[in-house]
Structure formats: C-alpha cells, structure tokens
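Here's the letter readout for the chains.
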Amino acid sequence: MDVLTLSRFQFAVATYFHFLFVPLTLGLSLLVAIMQTIWVRSGDEDYRRMTKFWGKLFLINFAIGVVTGITLEFQFGTNWSRYSTFVGDIFGSLLAIEATAAFFLESTFIAVWFFGWDRLSKRAHLLSVWLVAIASNVSAFWILVANAWMQSPVGFTVRNGRAELTDFVAVITQKFAILEVVHTVGGAYITAGFFVLGISAWHLLRRQHVAFFTKSFRLAAVWALVFSLFEVAQGHMNAEILGTKQPMKLASMESQWETVRGAPMNLVQWPDEKNERNRIEALSVPRALSLLAHYDVNAEVKGLKEVPPADRPPVLPVFLSFRAMVGLAFLFIGLSAWAFLRRREPVRSSPVLLKALVWSIPLPYLANELGWTLAEVGRQPWIVYGLMRTADAVSPISTVQVGVSALGFVLLYTLLGIADIYLLAKVARRGPADEARPEPAPLPAQA
Amino acid sequence: MLETIWFVLWGVLWTVYFVLDGFDLGLGMLMPWLARNDGERRVIFNAQGPFWDGNEVWLLTAGGATFAAFPKTYAVMFSSLYTPLMLLLFALILRGISFEMRSKEEASWWRRTWDTCMVVGSFLPALLLGVAFANIFAGLPIDAQGIFHGNLLTLLNPYGLLGGVLFVLLFAVHGSLWLTIKTEGEMRERGARMAARLWPLLLVVAVAFLAYTAFATPLWTNVLARPVFLVFPLAAVAGLIAGRWFMARRAWWKAWGASAVTIAGAVAFGVAGLFPNLLPSRLDPAASLTAFNSASTHLTLSIMLGVALVFVPVVLAYQFWVYRTFSFPISAAEIERSSHAY
Chain A
1 MDVLTLSRFQ FAVATYFHFL FVPLTLGLSL LVAIMQTIWV RSGDEDYRRM
51 TKFWGKLFLI NFAIGVVTGI TLEFQFGTNW SRYSTFVGDI FGSLLAIEAT
101 AAFFLESTFI AVWFFGWDRL SKRAHLLSVW LVAIASNVSA FWILVANAWM
151 QSPVGFTVRN GRAELTDFVA VITQKFAILE VVHTVGGAYI TAGFFVLGIS
201 AWHLLRRQHV AFFTKSFRLA AVWALVFSLF EVAQGHMNAE ILGTKQPMKL
251 ASMESQWETV RGAPMNLVQW PDEKNERNRI EALSVPRALS LLAHYDVNAE
301 VKGLKEVPPA DRPPVLPVFL SFRAMVGLAF LFIGLSAWAF LRRREPVRSS
351 PVLLKALVWS IPLPYLANEL GWTLAEVGRQ PWIVYGLMRT ADAVSPISTV
401 QVGVSALGFV LLYTLLGIAD IYLLAKVARR GPADEARPEP APLPAQA
Chain B
1 MLETIWFVLW GVLWTVYFVL DGFDLGLGML MPWLARNDGE RRVIFNAQGP
51 FWDGNEVWLL TAGGATFAAF PKTYAVMFSS LYTPLMLLLF ALILRGISFE
101 MRSKEEASWW RRTWDTCMVV GSFLPALLLG VAFANIFAGL PIDAQGIFHG
151 NLLTLLNPYG LLGGVLFVLL FAVHGSLWLT IKTEGEMRER GARMAARLWP
201 LLLVVAVAFL AYTAFATPLW TNVLARPVFL VFPLAAVAGL IAGRWFMARR
251 AWWKAWGASA VTIAGAVAFG VAGLFPNLLP SRLDPAASLT AFNSASTHLT
301 LSIMLGVALV FVPVVLAYQF WVYRTFSFPI SAAEIERSSH AY
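Sequence lines, in order, name chains A and B.
Just so we're aligned, residue 1 is where the first sequence starts under the working numbering, counting upward by one.
Just so we're aligned, residue 1 is where the second sequence starts under the working numbering, counting upward by one.
Source of the hints: derived by calculation from the structure; they are not laboratory data.
Treat the hints with care, since some could be wrong.
Said to hold, decoys possible - If you anchor each label on the Cβ, the simulated ranges turn out as follows:
#, chain 1, residue 1, chain 2, residue 2, range
1, A, ARG159, B, PRO285, 32 to 38 Å
2, A, VAL210, B, GLU189, 35 to 41 Å
3, A, GLY43, B, SER338, 21 to 27 Å
4, A, SER121, B, ALA144, 56 to 62 Å
5, B, LEU153, A, GLY327, 21 to 27 Å
6, A, VAL158, B, LEU305, 32 to 38 Å
7, B, SER108, A, LEU366, 32 to 38 Å
8, B, LEU305, A, THR259, 17 to 23 Å
Think of the CB as a built atom: it goes at the ideal place given N, C-alpha and C, for glycine as much as any other residue.
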C-alpha cells in the first residue's frame, strides 16, 4: 500500500471512530440540559436524578469524542499537507474559529458542570450545562461548514497556487453548508433520542425504576419522533442540491449511468460498475428521479457516463449507503411513532416495542456513518469537489511512518471503543439507583 | 503588519498553552512520586480535574491558528514532525481518557492501567514538545519543496533532547507547585519537597540549554539584534530564582506564578528569537518558512484577527473565573465522599 491509501484508511478510521461519539454529545447535551431545566423549574426530584444519570453517560461518551477530535485537526497537517497548503486560507480559518469560539467554551464548562454541582448556585449550574450544549452545537456548525466547503467550494479564487478567500460570508452561509449542518445535527438528535429510549426500554422491560424511566422515555419519544420526521423531510433537500452541486454523487447514489430527461427511479436495482450499467433494474417509477432532484418530471439528470471513469466516485458504496440510510430513517419514524403512542405508560406497552427499542440503539449510529460514507466517498476522486484531487493532496512522507501510525490508530481505537462501551453499558444497566438519596429507614413497627 | 501580529499571536497561544497545560503534564508524570495510595492518586487526577480539558484546547487552538494564519508552515511542520506528533496525539488521547475512565471501576488492574496512561501520557507530550521546539529553534532539514529529509532520530539530537529534558523539568516543577496549591497537609509537603528537589536540576538544565542555544541556533543573535527582547530570557531567569525564593517562604501561589513566568519567558524567548521564521530550514535558509512567505491572505488574517480579539479575552476571562472558583484545596477523603470527582 502507498502513502495515499494508508492515509485515507487512517483518516477514515479516525473520522468514523470520532463520529461514533460526537452525535450523542450533540443530542444528549441538549436532552440533559432540558432535564435539568425541568428540575430547576419544577423541583421534580426525578428530573434531578435523570440529569445525573443521563449526564454520567453523557460524560463517558463526551471524553472520547474530545480526545479523538484533536487527531483529526492534526492529520490535515501530518497526512494531507498539500491539501492544507492549498486550502488553509479558508479551511484552516474555519477550524481555528471552531476552537476559539466554541470548543473552548464546551471544554471549560463541561468541567464546571461536573465539578460544580455543590459549588455553584442552581442557576449558574444550569447555565453551565446550557453553555456546553450550545457550544457543542456551535462547534458542529463550524466543522460542518468547513466540510461543506470541501463538498461545494465557494467564496474563493485560485491564486498563488492555492485557494484564496474572497467572500467569507458566502462560505459560512451557502445553502449547501446550512443543509449539511441541519442534516448532520438532526441525525445526532435522533441518535440521542434512541439512546435514551433504548436504555429506558431495557429497564422498563425489567420493571425497574419505572417512574424514572417513564419520564425519560416520554421526553425521548417526543424528541426522537420530531427529529426523525424532520430528518426525512429535510434530507430530501440535501439530495436535491446534489443535482446542481455534485451531480456525480447524485448519479452514484441512484446508480444512474446515462444522462436523460425525465429520469425514472428504480426501487430495486444493483450497479454493475465494470460494464457501466445496472445489473438489475426493477419497479421503475417513471420520471420520479427528475421530479425529486429538480422538481420537474422532464428535467435532465446527469448520468455517470457524463464524465470519464477517473472522475467518478466508487458507485457501489455510495449507492448502498444512501439506500441503507434512507431505509433506516423510515424505520426511525416508525419506531419513534410507536414509542410516542405508548409514551404515557410505556411499561405496559408491548415487549416487542421495548425490545425493538433496545436493539435499535446502534441503528442511528449506523445511519450517521452511512451518511458520512455517502458524503465523503461520494465526493471522490476529489478532496475539494472539482478543484483538487485526493491523490494530489497527500503529504510527501514515508509509507512506513503512515503504516505504523495507521496500525496504532486501529489498535488504540479498538481498545478505547471496548473500554468505553463497557463503561457505558455498566453505568446504563446499573440505572439511577446510586444517584438516589439513601432509602429512608423503614418506619419502626407500631407497638 | 498583519503577518507580524499573527506571528505574535501564534507565540502567545503556545505560551498560554505551555503555562496552563504544563502543570497538568507535570502533575501527571510525577504521580508515582507524589501519590502513595489510591486515594492520593485520585487527588492527582482531581487536582487537574476542572482545568485540564480547557487547558488542552490551547494546544488545539495553537495548531488551528498555525493552519489558519500560516498554512504552508502548518503543512510542512506537521508532516515533517509526523512520528513525534502521532506519539504526542496517542499520548494525549490515553491521558485525556484516563480521567473519565480510571475511577469508574474498582478493579486494581483497571486503575493501574489508567494510572500508567496518565503518567506516560503526561511525560511523553512534555518531552516531545520540548524536542520538537528545540529542533524548530535549530532548524529542520527541509528543502525548498517543503520535504523533510530526516526521521525521528534526526530530531533526537543532543540539542533536541536537552530541550525535551528542559520542558519535562519545567513542567515537573510547575506541576509540583500546583499540588501545593490544590492540597493541604502531607501532599502539599510532598509537592513542595519535590519542587525544591527538582529546582537545582532545572537551574542546571536551563543554564545549559541557554548556553547550548548560543551554539546550536541563531536565537541569541536575533534577540540581541533587538535588545528589547532580552526581557524574555531575563524574565525566565528571574522567574526561576523568584520561584525558589517564594518556595522557601511557602508562598505557593506566588511560587507557581513565578514558575509560570519562567515557562512563559522561555517560550517567548524562543519565539522572539525565531522571528520572522516559523520553521527555519537547516539545509537552505531560503527554504525557511516565515510569517511572511507562508501567511494566509490579508482578508483571512483580518477576519481571524477579529475573531481572536473578541474571543481570546473572553476565553481568558471565563477560564480565570474557573481557576478562581475551583482552586480550593482538595483531599482524598473529600473525593471519596463526592460523586462529582474523577
């Protein structure tokens, strides 16, 4: 393997892993902040215990998200130095703004929140959790705007052998960026919703801490349903913008080989990349692709053959991850709608629902990673769409170095993942008991 | 002008990082000598508890600022220092995660494992950053294409290693002194004894480093060319001496402050001595990356300057508040009772 392949592998390992932890941070920080707000406003002790229990899980998850984020920022320099030189003027500044304006706030106040339970006033303490939640989400905004620029570069001119910024506002307000932010954050909220639903369902199946987990379930069911519905409705816009911004990604998602007007959509199909066609095409809905992509049944949809094979993304992974992601999204709507209907007394609902919810905990994680596979693999062979090829972006470094570090990442992250899942599972199973006040002593028997 | 301002800001970010995270790294690496039992080890973790994460973001910001303001330097520096940077990242990951993991499980093998991560994960970054900066002061073997002609062993030259030892000792003293602030009784005494014992060693290494710097780098020549910059090495030396004086008087905050001045002075001396270079080339002076030939556009530098001028003071203000709120002494017994401790 060469430096390029190894660097891509290493970056993929590092980002996939990092993004196992980020979505829960984004969503659960808000849910915990909401729980704590309800406690402070209503005085309901269950919400104080919920804040602590879900907060503890939040922190275990948060820790790994934080430490694995630094490696991403540094890898642009270590492994992708030609990319960094080319885009630093724009991309680098977005990362620097993220650190200065958001990550500082998040990292400082997470500690204030954890250590401040007995040290701060109720209001100041509540403010600290909101600062963490808001800062995490603002942080996501800047990172995703940076990624969106790789997908859809705007506000620049190529001069002095690099992309130079000409319009900062265009970079941070372009439609592509806003859609990417909204869609990614939406997926993160679904992840948190199903996380809380799943763990609550596990305890409810065992009839333990019923009041506590009913309240958690109720909040998460509403939350998960709202964002699952939102995600599907909104996600359509992300696919649509690809029609103009990244037509080859759209063509790969749909395995569309020919450029045609009034393109149909095949509900069942399988791409055959070697022969530039589809091996299977069935259940065709006439003109549906043109309609969905351009709101016009006769619109032209660009096919993969529009560009030489060297300019196309690998079709199969993009095609499959898109379909799997969309399938999961509809599953999330169904499950969360069912949970929503049973939210008043979930403990009396069907064990099928509760078990399904337990087993669904990993699914939003999967959907998130599929979304990123679609976004990043679908952008290939470009690192900056249409502007710089991934192959031209890699550092002039030795293969051995990258091989060793890539192996190091795999080993280290595997161990960290195991340790983290072990701790999350342990704390989740134990439930809120240890956070409760000591049980009042039994009343002395009446004489 | 903007380039110069960003060069100064770049130096400031690194300086603040070393001053703040320095004591975390120092405490972590000295844990086997500062803590004798499980409870005391928890004190070491919790003495950094409310601060370490916010401190580490200064590193991220220093890296991000290099990327944003001097992309070419960022690219060449980070790819040239590939292996040490990867080691640094792995070390910081293990260290960072050990806070959250360590005390959530009773098993002794579990705790011992994370304790080792803390010690190694604190020692290695201090050493590696020292080695890296000393090598940057002396210049790296990079050519005009920004390609690094060397490997990890190239960096482990005597001057680089002396820089590593200097950073380790600076942070070790800084961390020991932080323990005198964050604890009372026996642990405070232990921190004080450790700082006092390491101090002569630090003095010797610091003097040796400053002397070696005259031969291995152009730092002194550059600083003497603008004598106002002499204030930095003088501050470092004055901080070192004042630190010992305050230690003897058991004025812990002042001793720690003096140690902070030493670190800041040393880093500022290095950065000022580099100017306008960010990454000098040992092969060909013309291949050196400077604040001018590697800078971003004026538009980007102006926007980033606006962001820095608004947010850096705000960050300093709330971090200062966190230090004020959480610098009270802690004890093993108190940690044992609390559910809000590492």
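Checked hints:
no., hint, verdict
1, A:ARG159 to B:PRO285: 32 to 38 Å, "violated, 26 Å"
2, A:VAL210 to B:GLU189: 35 to 41 Å, "violated, 52 Å"
3, A:GLY43 to B:SER338: 21 to 27 Å, "holds, 23 Å"
4, A:SER121 to B:ALA144: 56 to 62 Å, "holds, 60 Å"
5, B:LEU153 to A:GLY327: 21 to 27 Å, "violated, 52 Å"
6, A:VAL158 to B:LEU305: 32 to 38 Å, "violated, 24 Å"
7, B:SER108 to A:LEU366: 32 to 38 Å, "holds, 36 Å"
8, B:LEU305 to A:THR259: 17 to 23 Å, "violated, 47 Å"
Of the numbered hints given earlier, the model fails hints 1, 2, 5, 6 and 8; all others are met.
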